[in-house]
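Asker: One rule links them: number in this note's numbering = place in the sequence shown (from 1) + 340.
Among the hints, a few may not be true.
As a list, the in silico PhoX-like pairs of lysine-lysine whose alpha-carbon atoms are at most 25 Å apart [said to hold, decoys possible]: (1) 406 x 444; (2) 444 x 540; (3) 760 x 703; (4) 485 x 444; (5) 764 x 703.
Source of the hints: derived by calculation from the structure; they are not laboratory data.
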Amino acid sequence: MRAGMFLLAVGLLAQTPDPAYEPLSRAYVALRSGDYDRAIPLFLKAVEAAPGRAAIRKDLAYAWLKAGENELAREQFREAMRLEPADHHVALEHAFLCFETGQKVQARRSFDRIRRTGDPQSRATAEQAFRNIDGPLETGIARWKEAIRRGGGNFSAHYELATLAEQRDELELAAEHYEAAWRLVPDRRSVLVDLGRTWKSLNRVDQAHAALLAASRGGEPRAAESSRELLPPRYPYVPEFRAALALDPANIELRRELAYLLLRMERQPEAEEEFRIVTGLNERDVLSAAQLGFLYLARGDRLNAMPLLERVLRGTDEELANRVRAVLRLPQTLRSRTGGSPRAASLDAKEMAERSIRAGYMKDALKYLQMAHEADPVDFNVMLKLGWTYNILRQDSLAASWFNLARRSTDPRVAADAHKAWRKLHPGLARVRTSVWMFPFYSSRWRDVFSYGQIRTDVRVAGPLRPYVSARFIGDVRGGVGPGLPQNLSESSVILGIGVSTATWRGFTGWAEAGSAYNYLSHHVTPDYRGGLSFFRSFGRSLGAERPGWFAETTADGIFVSRFGDDVLVYSQNRFGHTASTGPLRLQLFLNANATADVRRQYWANFVEFGPGARFRWTPLSDSLFFTLNLLRGAHTTNRDNPRSPNFFDLRAGFGYAFSY
């Protein structure tokens, strides 16, 4: 029974169709008639259907050979050799094709391997081929060594010796003489490509990257292209730039690029040092002189700035000189229009940046704006856009530095926009920041005016936590409205405390605070411990938006307060509506949906509210001042001990104001 089942299985397998059979049969027919143009595509289909069959790849390789495509044949023999390492005939075919197509190093290695591991016939053929390649290399290396020993150590001698040594796999010798040749003629940066390739083969990766990076920024287009093919696809790191400059300290392009990278990383002292070296090495580099002079000028160092800016004024770049004159408030001169100016590159980069911004590709926009700034380092409009772009990409520290530079623009609009943006970002990035906010409002339900406010000073330190000292005010005008007044509406206290808060992450902020509350009515001092987690997120057009549109925002807070009987309260406030813009008036109309709850289930802390509202501001007034008006219908979700109605209406009108410094 088992024997029968086995024979049946064998029969079924024998009937399984070969996926490569149909294209192979047609390929061999075409091959017999000499029609290689028809045979080769059919072989390729067969390879795709059965990629692990070495025989198909060998037949395809021979077809490529007959068609005169030696490089394509070489690659198919290489794949066949990988699939069948013991096929020494295929290995020989691959080795000969490597030699014929210029890959002499690979050919020598292949012949060397076959002459040691192949069958007798293959070993004999490989031995002769190996000697034909290796003999002249050995003789040439000995000849050039002797020439250098006798004092003929010029560039050509070192370079020829290094080339022969690399072909013979004497990589240490090759690296030594490639480096010697480059030291003799450092302008030949194509030699750095050879040196980097050799170091890479020796697994000296850091040295290889340094040589290739220097070659990629050295001004020789062919060397730059060859080196980039050997470098990693990512952008180089600062230590890699440093290592490349240690190898090639006179490489102006490399050093200038490092300076701009350091500037983008907000490492201005290091960037200035690199620009100083560049301007010292090449007095005609007016772009670097203008950039360094402007950096000096931006921090008030006019003494060091003026010689550099005067160098730009004496230079041949008239447009750049006129931009410097604008910064220095000097009269403009008539410029001639010449092609090939860096300003043209700046204009192209700015146009590409504008397109990227309109399409929402902010990382691409950043790349083009950086190119525009490097081409024209005193274009304040580019600096302003760099600030906005970094701000959108949530890199506020870099954004603030660009806004600070753009504040010096001679264009009043650019300077005003940059100053306004810098003022918004600077307090959050300062070492010590003091913020003040207040929110007084009238409530028709309680017929009272309540006021909340805080002054707080934060210290920016390393790590996720930020310590602060705080003074809060929570009170009302009437000092109490009888029974039923929720204690959270008016504590009638000034609360002094110290605490820590976390950085905001995805809208969440945590905080904890310990202090004392001074009740200004009873004059009692009570320990006060509070803390919590806050969340805020908004979408759409904010109140300060220039264009109208829909918006939504949500605020959620979970707060522990020791003075409320160690209670935990949870607030959720949500608004959805439309932002309108009419002249100087900025107006938002929206619907409120609010909810409050607490752990202890006290009536005053458990309710929901719904209703329309409005928020508005006038542009001539401070951006931080706004007014609110809300008409709310509410209901308590628990009414135990509630002395009032479970449902209520409340008209609330107030204003908010905040600032930081």
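Asker: Does each hint fit the structure? Answer for all of them.
Answerer: To see whether the hints hold, each was checked on the structure:
1. 406 x 444: holds (22 Å)
2. 444 x 540: holds (18 Å)
3. 760 x 703: Since the Cα atoms of residue 760 and residue 703 sit roughly 24 Å apart, the hinted pair holds (cutoff 25 Å).
4. 485 x 444: Since the Cα atoms of residue 485 and residue 444 sit roughly 21 Å apart, the hinted pair holds (cutoff 25 Å).
5. 764 x 703: holds (23 Å)
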